[in-house]
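> Now for the letters of each chain:
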Amino acid sequence: MRILLVEDDPSLSDVMTSSLMRLGHRVEAAPTLALARHWWRVQPFDAVLLDLNLPDGSGLTALREARARGDKTPVIVLTARNRTDERIAGLDAGADDYMGKPFELAEVQARLRALVRRALGTDDIVSIGRLRLDRRARRIYVDEVDMALPAREFEVLVELLSPLGRVVSKRMMSDKLSGTDEALGDNALESFISRLRKRLAGTGAAIVTVRGLGYRVQDDVIFESVES
Amino acid sequence: MNKPSLRRKILRHVLWPLTLTWAVGAALAFGLAHYFTTQAYDRALLDDAFALSAQVRSDSSVDVLGKTTLRLSLTDAEMGSVLFDQSESIYFSVWRADGTLLAGHKALRPALDAASQAVPVWRAGAYLGKEVRIVSLSRQQPAPHIVIVAQTTASRTDMLRRLLVLSVVPQLLLLALLAWWLRRQVEQDLRALSELQTAVEQRDASDLRHVPSSLTTQATTSNIQHLGGAVNSLFDRLQLGIAAQREFSGNVAHELRTPLASIRLQAEHVLTHSSDTSAQHAIRRLLQSTDQASHLIDQLLALAFANELKTNVTLTRLDLTEIVREVVLRHLPRADANMRHGAVDFGAQGLDTPVYVMGHRTLIEAVLDNLIDNAFRYGLPRDAANANITVSVTAHEDAVLLQVIDQGTGLADDDVSRLTERWTQAKQEADFAHTANPDVGQGVGLGLAIVARYSELLQAPLSLSINPAGIGLCAQLSFKVPD
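Residue numbers (my numbering), protein chains in the order written: chain A, 1 to 228; chain B, 1001 to 1483.
Treat the hints with care, since some could be wrong.
[Unchecked claim] Some chain B residues near chain A, calculated using beta-carbon distances under 8 angstroms:
#	residue
1	A1253
2	L1265
3	E1268
4	S1294
5	G1347
6	Q1349
[Said to hold, decoys possible] Pair ranges (Cβ atoms, derived):
#	chain 1	residue 1	chain 2	residue 2	range
7	A	I88	B	V1014	55 to 65 angstroms
8	B	S1005	A	I88	41 to 51 angstroms
9	A	L91	B	G1241	23 to 33 angstroms
10	A	R2	B	S1463	52 to 62 angstroms
11	A	K198	B	H1273	37 to 47 angstroms
12	B	A1243	A	S169	36 to 46 angstroms
These are computed hints drawn from the structure, not numbers from a lab. Backbone N, C-alpha and C define an ideal beta-carbon position, used for all residues, glycine too.
Just chain B, same shape as in the assembly (with noise of 0.2 angstroms):
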């Protein structure tokens, strides 16, 4: 699932508080505006009822039952007069004690009975199909009456509905335009962070430079300074393991080698100048183990270049024939030294016009060494008379074909995934002990597992068949074609 962005975090974390305030506020503001305007309606209400009871008189007569004769002195003009609204329609009416009607509305029926206490009683209701709101008012003066006025409502709820949105709205618009501020000051803020994002993701293990000052001595926050600085300092820590990686490699190699030549050189002297047959032929064995350990320690060393070349390998346009005709100028001495044995016939394909690929260098370098070295020690026939070895280039339409062939004695299915393993070397070394080739036995096993390893890295898939020919064995990378 998706993480919301830190910006929208932020903005959810303010918004959302604020948002809640604003509409607990105005809940509260129209709970108070309803209120007092209820009480301003209600006041003028109960003022109506009550100059309605001041005019119900008492007469001196009684009636037959001996009870105070009570009217209303009001002509209809004044009654107009006193009942007078300019946008509601107001309805009363007038209730003796015993129940009958003194005057007005007749529908308007009394909730309490007259001899309740001159408190009024307040009620809503409906009357001639429009909503009413209803004060009851009990008099005992100058005899016990009830008066009722109603009042409908559509004024009050108008003046709500305009308190509401003239205090509203305008809050409304308000919390947008704090929201798009906010907005926009977050995301200025956090601009820093997008920038030294871009600014560290396109990095590289070969780009370690540090982020721009912007970000660092320059930030507008001391976060981002404190952030940038940081980032600045885990490139500087990385930049010393890297070159800590190299310089090891580096000793590695000057820390072995240097003790081997030095035994090489005192080997050929010892050589050179004793005529002890048995010396000698120590002397010889212990010249094959320095070009062994010489062997083991390049072997180890590409490795290790591989792992540190892990995320870092920059492919670039190179010419594969000229890299291929330098790699076997290099290894003709050994097709040289190897006359002694029977002759090798070591040569090339495919180099007379340039062939370009998408490669590195060295890692080319070093696949066609190992490739080559394989071939020179496991790849020449029992019959080493006129045994062949061949580099050839080959470019197709979608990929250009580097291949060695050899004619040795080739693989097994089994042996061919087996042999891109680390430290296994073809099948077991007696089998090749019929072979005329005094290399054979040498071996180490690393070879294919850098070629397979550097291939990778080469982008370039690593094969291995049996040589078209019949015999033998052919590896082949298959590189990209530049753009």
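For reference, chain A alone in the conformation it holds in the complex (with noise of 0.2 angstroms):
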């Protein structure tokens, strides 16, 4: 992946680019503003790691040039400013997504990945533990094996894979599944998630309630004792 890194500070940059490059990506540092906008303008890039203080300026100057002239390369805004108004600015002016210093770099790396998945379109394919999730011919497997869900069980998985890790209201869950004929109670609900919890089991992956907020799919090695 071919990363612009905009870090002024020569510390950070250095340590990003190399861990970044050691994971086989491509970066180019900018460490000032002016740098940052001539790279973005002449280079195409699968993703950018912002800084917002720049010694001559705000990234989210550069930010909203980007996507004033149509540009969609995925953007990770990475700052010490992580109060809520400042990230809402961020994210107002463009950025896909916000991390507040200091990060670790796995979890800068995660992002980076599902950002240029959705940017590229190429997040069809869910996989967790032995069950993977083929959106586009509409079939979850385990192993190579469909699993063959009924319709039903089929929509509410593949809502709660929608990303990864997402934490499902009954209520949405409700209002996504609901048909204009016929609307999905609580029950029959809970009788499809108990359905999926067995078909399910060991596959490494689990459903997993969240008391108060919903459901979500997760390793099951980690959550097997908060299900048990």
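Dock chain one against chain two, each of which comes alone in its own frame, and use the hints as you go.
Pasting the structure below:
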């Protein structure tokens, strides 16, 4: 992946560049706003990691400029200013994600991958444990064997896997899955969840209840103690 | 005590001297009128006395004592003509030098003897129950005698009264007219000040727009123009100050967090590439320290933010359940991370239907972040298996309760008030060393101080109590319900 890293702190920039390069990315580091604007205009990137506090201005200027000329490169804002109103300003300017400093490289990497997948439309495949969802084929496999789920259970599981790790409330699920002539009640939903849990047993994926908030799919190695 | 208004003060300063001047002027005018009226009437009275005296004749004969015999040679009709007055009564008497009455009213007695010089003597008195002005005139020809003429004073008093009314009443009316005009003008001139007051009194740090141009460049007086200009310039300076304060917080955050991010990434790098266990141990401690420092920076900035908002929090109608849902979801990874040390059932209740409160999103998020952080640090029981942290929203008729309930060691009553003070860590961290949570010991004690401060700004009273289930702490904010 070709990444533009806009960061003025040389030490942070160096360590990020070398870490990202070790992970197989190509990184162009820009320590100033002027250089960032230049690189961003003349080179195609798969993603931009953008610091806001730059010596010659705010990183948001470069972001707004890029969005104004129709550039849709995924952008993660990396900033020390992570108050809600400041986060909102960043997202309003066209950022796709926002990470407050200090951050873990693994998280940056995960978010980069998710953003790029979304931007390229390659997030049709979702895998967790032995479970694999192929959105385009509308199939869910366990070890390449089609689970052949009934339509409703398939829709519930797809909703929980979009994206993976998302907490889906009963109401959201019901709103999404109810037809115009047929409402999906809580009891029906719970019975679908219960059946899905049984089907997922041993696949490495589990549907976990987040009390008061809804359900999510996670690696069941970690969550088996919660559900037991 | 209430201070007088500027308008009243200016009017008082103008009208008092004006009234005093008018009163002195009126008294002077009255005095002069009185003097000249008296002069005119007295002169006529004296003329009457001289006319009477001129009619005192001497006979050629002398009396038994050898003195010249005197007589008043006027008939009653002539007397009436000499002493005629349209409105007043005139009385007279003529006395011989020996004090005997020659003619006239006996009761009008002389106040001087006949040997006196021919200087008239004036006096006021009463005759037949009326106030009279009396003149006594001593004459030597044709033989010493005294003429006394008295005139009632009704018409001269009446004239003085009329003079007084005609001069004072119009002046008084003019004075009232002047006072009304002055009041109107002063009010008009001071209206700009009231407008300035209205333009400024509703302002706070979020509204530092310039005052209208009618109070500055287009003001009717230079004083208001300068004052309006000064207020605008103060607003500009305030704006700069507030911007600088915000900029400072942002810069502090940047300057402190950026090197921390760098340290963290370098430490992670070393951790993944070093096989030396002692180095790995040191690096893990280093990572813990960066987390702690980062947490401290967050909390210090949160307190600075509270001070920044001190007079400037606008509470709006918000769906509390939506904020709670978002914050709880944000903290879920932390509950997942705790799985390494035992399961934590981190969840919420009361989020099924929207619940509206008067609040401020950033502050509510910060309160929840801190309370949840506290619950994870100190709210996990010794036996961390099946630990439970719940964020709850309950709507009552007059208030909405937001609670964060944990199952930690709870608090003694003394600790409750102490906990909300800055830098107070939940008693001694050593007390919590027995808990299963590795985060314990990393707190910096600012969390509840921030929550307490923010709850004031949110006008949502904070209370700390024992978890209703008997173990742990229940931190509760009571929000106002929108009208």
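> Are the hints correct? Go through all of them and say.
Hints, verified against the model:
no. : hint                                 : result
1   : A1253                                : 4 angstroms, holds
2   : L1265                                : 4 angstroms, holds
3   : E1268                                : 6 angstroms, holds
4   : S1294                                : 5 angstroms, holds
5   : G1347                                : 2 angstroms, holds
6   : Q1349                                : 4 angstroms, holds
7   : A:I88 x B:V1014: 55 to 65 angstroms  : 58 angstroms, holds
8   : B:S1005 x A:I88: 41 to 51 angstroms  : 47 angstroms, holds
9   : A:L91 x B:G1241: 23 to 33 angstroms  : 28 angstroms, holds
10  : A:R2 x B:S1463: 52 to 62 angstroms   : 54 angstroms, holds
11  : A:K198 x B:H1273: 37 to 47 angstroms : 43 angstroms, holds
12  : B:A1243 x A:S169: 36 to 46 angstroms : 41 angstroms, holds
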